[in-house]
Structures are given as structure tokens and as C-alpha cells.
Amino acid sequence: MSKILIIDDEKSIRNTLKEILSYEDYEISLAENGLEGIELAKSDEFDVVLCDIKMPQMDGIEVLEKIQELGLDIPVIMISGHGNIDTAVESIKKGAFDFLEKPLDLNRILITIRNAMDKSKLITETKVLKRKVSKKYEMIGSSGVLESVNSMIDKVAPTDARVLITGSNGTGKELVAHRIHEQSNRSKCPFIEVNCAAIPSELIERELFGHEKGSFTSAIKQRKGKFELADGGTLFLDEIGDMSLSAQAKVLRALQENRVTRVGGDKEIKVNVRVIAATNKNLAVEIENNNFREDLYHRLSVILISVPPLNDRTEDIPLLANHFIETICDEMGVPQKSIDDEAIKELQKINYTGNIREFRNIIERLIILGQERISVEDVKSYTKSSS
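If you want the numbering used here, it's the position in the sequence shown, counting the first as 1, plus 48.
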């Protein structure tokens, strides 16, 4: 049942609204002044607030501002008399959902509340989605090496410093990049990812910088590149060690000048982008072999974060196992499984050349093929190829 808070110093209006809305199957709470309303709003969760504008002690505008100050994402509908329509309009500018004019019209009340409920539902769904996204990029474990990585992320994220993330395939370099973005001041802006290894060298420049119409045979329209799309946010250059030297030169220029030029164009476009790069290669060796520009390396590696392989943090395997079991069972829509302590110990003996990615695949295999409670025999039977 949806909950509505009514704040009004006129008892007759409070009771009338309660009677109408209770009949519509809303759960109603009443407050006779702004201070009481704020206390109720803090102690309970409401889907909508109806608030009179003209009240003693604390008027409706002050209530609205206090609700916003407390970070309560509740649509507030203001109730206004004939003499304070201008104030009601001002309240909309300050974030109120809508206002109802006295004398109150039944249909208008119900339609406005229904619309506010839709907004409230959307706010809730957005919060749930954000939690799911955040959980998707959660780094599971409490080992010392992982705590060092998390500590570095906490220090670096609020800055605009460029970060170079190194580590073997499957260690979670992408998770680190996402967490840095999520904890940064750019978190509400785009996070754009480019897998440099997956894009042919002849196309990488178009991908990064875009192209003008007619710049090549199939360029039938103008296209923005990833640098432009990430403006204000974060650009994640994954596997940058595989980028061609010509593209490296242009990336270096973009980082130096904060400007890009589309392929086939001559106009310089200003961009405000934080660049995070990642690689599984030893860039020092690549520089020696003339496969990577040393000046670009120094531009990218203001902060270096090395993500440890799973074999260096086997103490995290119990937490990882339970996390993946819960996640994968949810994804598959199957009953939750559990795992024996002996099975965990057996998992800790495996040499994980594919790191977290390989470990997750093993857990998924055990969920599909193993018993309701995954045993050490299951691990031995279904991980032979990984040990």
C-alpha cells in the first residue's frame, strides 16, 4: 500500500484528504505543522507528501527545502490558497512536483497524486538499478593485496588524475576502472569503454576521434568519437598496449591539448575527459621494442594500479565462491546452492591462469553439474582441466 504524508495546519483539510485518499487505498499519515511533518518524513518512508504552503512556525517552502536537504527523494505536492499562487509557482522552481489550488478538486487531487506516484516509482527503480550496477562492479575479497588496491582507488577516485591499471587477463582491471569512475566527481557523466585490442588498427582512430561526412567511402554521415562521447566523464582505454603507434600519437596530442580532431576534419573540438587505461602487457618491454610510445606511457601513468592475480589472494576464494554462487543462481533462476568447506579448500589448490574470469566459470560449472551442496568430489570431478 502506497503511503502519503499530509502536512496542513487546517484540521478540516487534513481530515478531508485522509478520508478521500484512504478510500482510494492509500495509507495516510497526518501532521498539523511543518516540524511534525519533517519528523514523520525522517522516521518513515513515504511515496508522496502533500504540504500546505501557508503554515505557522515552518511554512511549506521551508518544509520542501528541509526534505531536499535531508536527501529524501519524495515528490512534494504543495497546497496553495488563492493568495499564494506566486509562491506555489516558486515552489515548483525549487523542486516541488506540483501544486493543488484551494478549494481542492477531487479529480485533480487523484490525478496529481497518481503522477507523483509514477515519479516515486521511477526514483525507486533507478535506485535499485544503480545498486545492481554498483554490485556488478563490486570487488570481492578482504586480502591484504586487494585492500591495497581498494585503498588506492579511494585516494585516486576523487581526483582527475590519469590512471594506468596493469594486471593479467581476468584479474578485474575493468572493475577497478568502473569503481574509480563511480567514486569520482564524474560519476553522473558517461563512462565510455574502448577495447583497443578488439578494434583493427585502421579503424581505431575513427573509433576514438570520430569522422566527418565524406571523409572516406562509407562515411555517409558525421560521427562523434569516443573522446567526444565521454566529454565530462571517463574514457576507459582497455588493452591500450595493443593500440597502433599512429593512434598513440593522436591520443598523446589529445591528452596534451584536451582537444581532438575528427578524421577528415580540421576543426579542433575541446573535450574534458578523464582517461583511465589498462593493459595486460609489460609496457616497459613494449617501449624497448618500439611498440609503445614512452611519452604516452608517462602521460597515462600518473597513478599506477597493479591488480593482483587470483593465485596471490587465495584467501579471498571463500568470499568469491559464495558471491558467485549467489549471483549465478539468481541469474539462472535456480534455487540457491551452498558449498562445503572442503570444497573451498580444494578450490584454493587450483592454479588459476585465467584469474577471476576462470574462477567464475568454474563456479558456474559446479552449479550446473554439482549437487545441491557442492562437495569436494564435485570440485575434483568438474575442475580437472583447470588444475
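Keep in mind the hints are simulated off the structure, nothing from the lab. Note that the structure is a prediction, hence the values are computed from the model and not measured. Please note that a few of the clues may not be correct.
Derived pair list, reagent style DSS-like, types lysine-lysine, alpha-carbon separation capped at 27 Å [stated by the list, open to error]:
1) Lys203 x Lys59
2) Lys66 x Lys203
3) Lys90 x Lys66
4) Lys315 x Lys272
5) Lys167 x Lys203
6) Lys150 x Lys167
Structure-based check of each hint:
The suggested pairing of Lys203 with Lys59 is violated, with an alpha-carbon distance near 53 Å, which exceeds 27 Å. Distance hint between Lys66 and Lys203 is unfulfilled; the C-alpha atoms sit about 51 Å from each other, more than 27 Å. Proximity of Lys90 to Lys66 is assessed by CA-CA distance (about 20 Å); at most 27 Å being required, the pair is judged to hold. For the suggested pair Lys315 and Lys272, the alpha carbons sit about 13 Å apart, so the restraint of at most 27 Å is met.
Note on Lys167 and Lys203: the hinted pairing is violated, with a Cα-Cα distance of about 36 Å set against a maximum of 27 Å. Proposed proximity of Lys150 and Lys167 is supported: the alpha carbons are some 24 Å apart, at most 27 Å.
Hints 1, 2 and 5 from the list above are not met by this structure, while the remaining hints are.
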